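K.L.:
Work out the full structure: start from the sequences and follow the hints.
Protein chains: 2
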Amino acid sequence: MASEAAPPFIEIRHAGEHAGQEVRVRGWLYNLRESGKLLFPILRDGTGLMQAVLFKKNVPEAVFEQARHLTQESSLEIRGVVRAELRAPGGFELDARDLTVYDAVPAEHPYPITPKEHGIEFLMEHRHLWLRSQRQVAILRIRHQVIRAVREFFDNDGFILADAPILTPAACEGTSTLFEVEYFGDKAYLTQSGQLYAEATAMALGKTYCFGPTFRAEKSKTRRHLTEFWMVEPEVAFAQLDDVMHLAERLVAHVVTSVLAHCRSDLAALERNTAPLENVALPFPRITYDEAVERIRAAGGTMEYGTDLGGGDETILAQQFDRPVMVHRYPAKVKAFYMQPDAERPDLALCVDMLAPEGYGEVIGGSQRIHDLELLRARIREQNLPEEAFGWYLDLRRFGTVPHGGFGMGIERVVAWLCGIEHVRETIPFPRTIYRLFP
Amino acid sequence: MASEAAPPFIEIRHAGEHAGQEVRVRGWLYNLRESGKLLFPILRDGTGLMQAVLFKKNVPEAVFEQARHLTQESSLEIRGVVRAELRAPGGFELDARDLTVYDAVPAEHPYPITPKEHGIEFLMEHRHLWLRSQRQVAILRIRHQVIRAVREFFDNDGFILADAPILTPAACEGTSTLFEVEYFGDKAYLTQSGQLYAEATAMALGKTYCFGPTFRAEKSKTRRHLTEFWMVEPEVAFAQLDDVMHLAERLVAHVVTSVLAHCRSDLAALERNTAPLENVALPFPRITYDEAVERIRAAGGTMEYGTDLGGGDETILAQQFDRPVMVHRYPAKVKAFYMQPDAERPDLALCVDMLAPEGYGEVIGGSQRIHDLELLRARIREQNLPEEAFGWYLDLRRFGTVPHGGFGMGIERVVAWLCGIEHVRETIPFPRTIYRLFP
Chain F
208 MASEAAPPFI EIRHAGEHAG QEVRVRGWLY NLRESGKLLF PILRDGTGLM QAVLFKKNVP
268 EAVFEQARHL TQESSLEIRG VVRAELRAPG GFELDARDLT VYDAVPAEHP YPITPKEHGI
328 EFLMEHRHLW LRSQRQVAIL RIRHQVIRAV REFFDNDGFI LADAPILTPA ACEGTSTLFE
388 VEYFGDKAYL TQSGQLYAEA TAMALGKTYC FGPTFRAEKS KTRRHLTEFW MVEPEVAFAQ
448 LDDVMHLAER LVAHVVTSVL AHCRSDLAAL ERNTAPLENV ALPFPRITYD EAVERIRAAG
508 GTMEYGTDLG GGDETILAQQ FDRPVMVHRY PAKVKAFYMQ PDAERPDLAL CVDMLAPEGY
568 GEVIGGSQRI HDLELLRARI REQNLPEEAF GWYLDLRRFG TVPHGGFGMG IERVVAWLCG
628 IEHVRETIPF PRTIYRLFP
Chain R
208 MASEAAPPFI EIRHAGEHAG QEVRVRGWLY NLRESGKLLF PILRDGTGLM QAVLFKKNVP
268 EAVFEQARHL TQESSLEIRG VVRAELRAPG GFELDARDLT VYDAVPAEHP YPITPKEHGI
328 EFLMEHRHLW LRSQRQVAIL RIRHQVIRAV REFFDNDGFI LADAPILTPA ACEGTSTLFE
388 VEYFGDKAYL TQSGQLYAEA TAMALGKTYC FGPTFRAEKS KTRRHLTEFW MVEPEVAFAQ
448 LDDVMHLAER LVAHVVTSVL AHCRSDLAAL ERNTAPLENV ALPFPRITYD EAVERIRAAG
508 GTMEYGTDLG GGDETILAQQ FDRPVMVHRY PAKVKAFYMQ PDAERPDLAL CVDMLAPEGY
568 GEVIGGSQRI HDLELLRARI REQNLPEEAF GWYLDLRRFG TVPHGGFGMG IERVVAWLCG
628 IEHVRETIPF PRTIYRLFP
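Keeping their order, the protein sequence lines are chains F and R.
Under my numbering, the letters of the first sequence match residues 208 to 646, in that order.
Under my numbering, the letters of the second sequence match residues 208 to 646, in that order.
Calculated directly from the structure, the hints in this document are not laboratory data.
Do not rely on the hints blindly, as some may be mistaken.
Identical copies go unnamed one by one, so any copy, or any two together, can satisfy a pair.
Said to hold, decoys possible - Subject to a maximum C-alpha distance of 25 Å in a straight line, what follows is the list of computed DMTMM-like cross-link-like pairs (lysine to aspartate or glutamate):
| id | residue 1 | residue 2 |
| --- | --- | --- |
| 1 | Lys264 | Glu229 |
| 2 | Lys323 | Glu478 |
| 3 | Lys394 | Glu332 |
| 4 | Lys426 | Glu389 |
| 5 | Lys428 | Asp393 |
| 6 | Lys263 | Asp305 |
| 7 | Lys244 | Glu389 |
| 8 | Lys394 | Glu328 |
| 9 | Lys542 | Asp515 |
| 10 | Lys323 | Asp602 |
| 11 | Lys428 | Asp579 |
| 12 | Lys542 | Asp449 |
| 13 | Lys428 | Glu569 |
| 14 | Lys394 | Glu498 |
| 15 | Lys394 | Glu425 |
| 16 | Lys426 | Glu581 |
| 17 | Lys394 | Glu594 |
| 18 | Lys244 | Glu229 |
| 19 | Lys426 | Glu387 |
| 20 | Lys428 | Glu387 |
These figures come from a predicted structure and were not determined experimentally.
P.N.:
Right, dumping it as structure tokens:
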């Protein structure tokens, strides 16, 4: 299709730089409107939408006829001159001179996803195509920016990426929520968290993070759970609980600011009210678990002191703040064995959960870790965990142990919150749930 | 240990900014030398090495005595004044005023990894500690920079990250090299490549990449193989083989330049001769498979025309070039079913492998993909693959198919090459091989 004299291909996102020039744009038909001697195909190329204007007298007759019958998602190329047009999507349109079809989707076997409403099961079954929808593209772009901002934040702060393994040996905390893998006649398990490994790399690198997929074979089917999800887990040598909270709030503020700065049109495509996101500035409120329980009860919640917060409790509490809130010092018995007890109240763990506003629930969970060998060993025994499986983890307390801490942030929940969408299944390209492993 | 008046903690990498100031540095004892009334502890904190000078008369006597007996990897804090000292590691040393021990490793149970030589099995078994060695820290830092440079390259070029799933349904290409996972009573498999999924997202986003762990249950035990490794896989709508090669060489040149720019001291710690890396400039040589076979045979290799290149063949060929070489158009029958045939010689695939110099083998494999529905279906049948498992993949050719292509780059092999190390097992924090799933 290209010839020596053919004008250059451009990406739609760059159209504004080519106003007045003849260019070629290629992509897929998003929409087509006809008005007498004019056709208005809208093309999508993954970087944006652009409307072309085909004036019957400006293009060969056969081209005009072919264009009239183009169906959704047919692939094509349009040659034309870019001109500013405020009413067109993106602010520029293409005054077409020629149109070449790569692949016309036959009318008798049309693209299955139409502007009409489809059931969620149908859309999930066609996820490989559903991703082309403008809403899904906007979510993917925001996800991209969230991940980019997270990495930027840590890289610019001197953290070294050291990814934890996915395949892990022993089932340290019981196998009930672990996926089991056949490993050359042995058993391996898919990681639920890279934290224990990040503690080892923090002792080597000072400040480190791992960032990869994690897995949970949970039978719970809620709008906040996937079986495969991405998590970033920083870990810092010498960090105490206050340092962990400060790091967490700085990270989240950076991510929100970055998405607001780079994804305005994607947020608009999702009709996201950005006012609540603009509020997300430092410092974030910090309340103790004790205060959280009081607040939840005062607001009509019925939670019992000493239990973990449920999803409903989190929502009640988060509604009282205009930005993420950090709840610290939970009862040690509802939290993980490795959390450092509070020196003043050893029944409390030096831990923190960050709850997103607007009912999006927990996005971060972290703590200071037990650095004393005997205390950690006692906890492992109390909880009937297999001590031999933790030998290497205990080594970190045998050879130059220091206070340290970190947290995990679940990417899909952050994306759901920033996008303002109800269910995490749309926040990852190919979601995996208890009922879905396809495509 | 901190008091109101205590001087600030600094990271060793920032020591130069504090010359003349009193600071505190904390970390682990890397080395200790004694000379009469002077002690020279070298501290590592993950960001660098720093020597302190303890002059007996400048510190309390008990502190000096305690410091004299400190063992390797004991954790401690030193307060002192930073001063320039060309002979010290890093160019600055700490004129110590006080030293506080966090955790003294007992002499009767010393840190197991000493400067003497250890066997590889011992080191792998102690990987959680081995990572603290200067050589391992240097490799991890280079790995960090490689990954950062890869993401920078794609992000700055308008690519959108869209990660492929790790848990996949059908065993598309046979189960012999796949890890099987119990999935709620069903079978899932760990991904070997995100490519097929990236093809779907490329049709949504134009230019996309996925970047995550991939898995191969290969029984082969070579210095180039891990069972779990990280791969970046860009995929581009409308890209043809030449575009794929151009993208691949630009990426690799960027990564090498970036590592040379940011990791000089790490490369020096590994005693890496950087001259061969400085050569890596565009364009990279491109030779056909046919020419590659001729060259290998002329150089004494015995490979048969029509077979894939073996590791030895790759080394012979790569030695003939001073930078990575791209070998394109292999016989279709030794390559994957989805590769577009060459229009002029349909027995050849429009594919490319990039071989690193200095015997580091294949670091990139890519191709233009078959975009014609019937041709792809025929290939699936010819190779006796289960067509129903590829239904969604075929959909990409049913609804606005376009030429497209991409490649995969294995991170561990690139890191091994840039570090100049023999075996990929040192290029990832916690390597997984057929015999190793621990720690």
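K.L.:
Check each numbered hint against the structure and report the violated ones by number, ascending.
P.N.:
7, 11, 14 and 16
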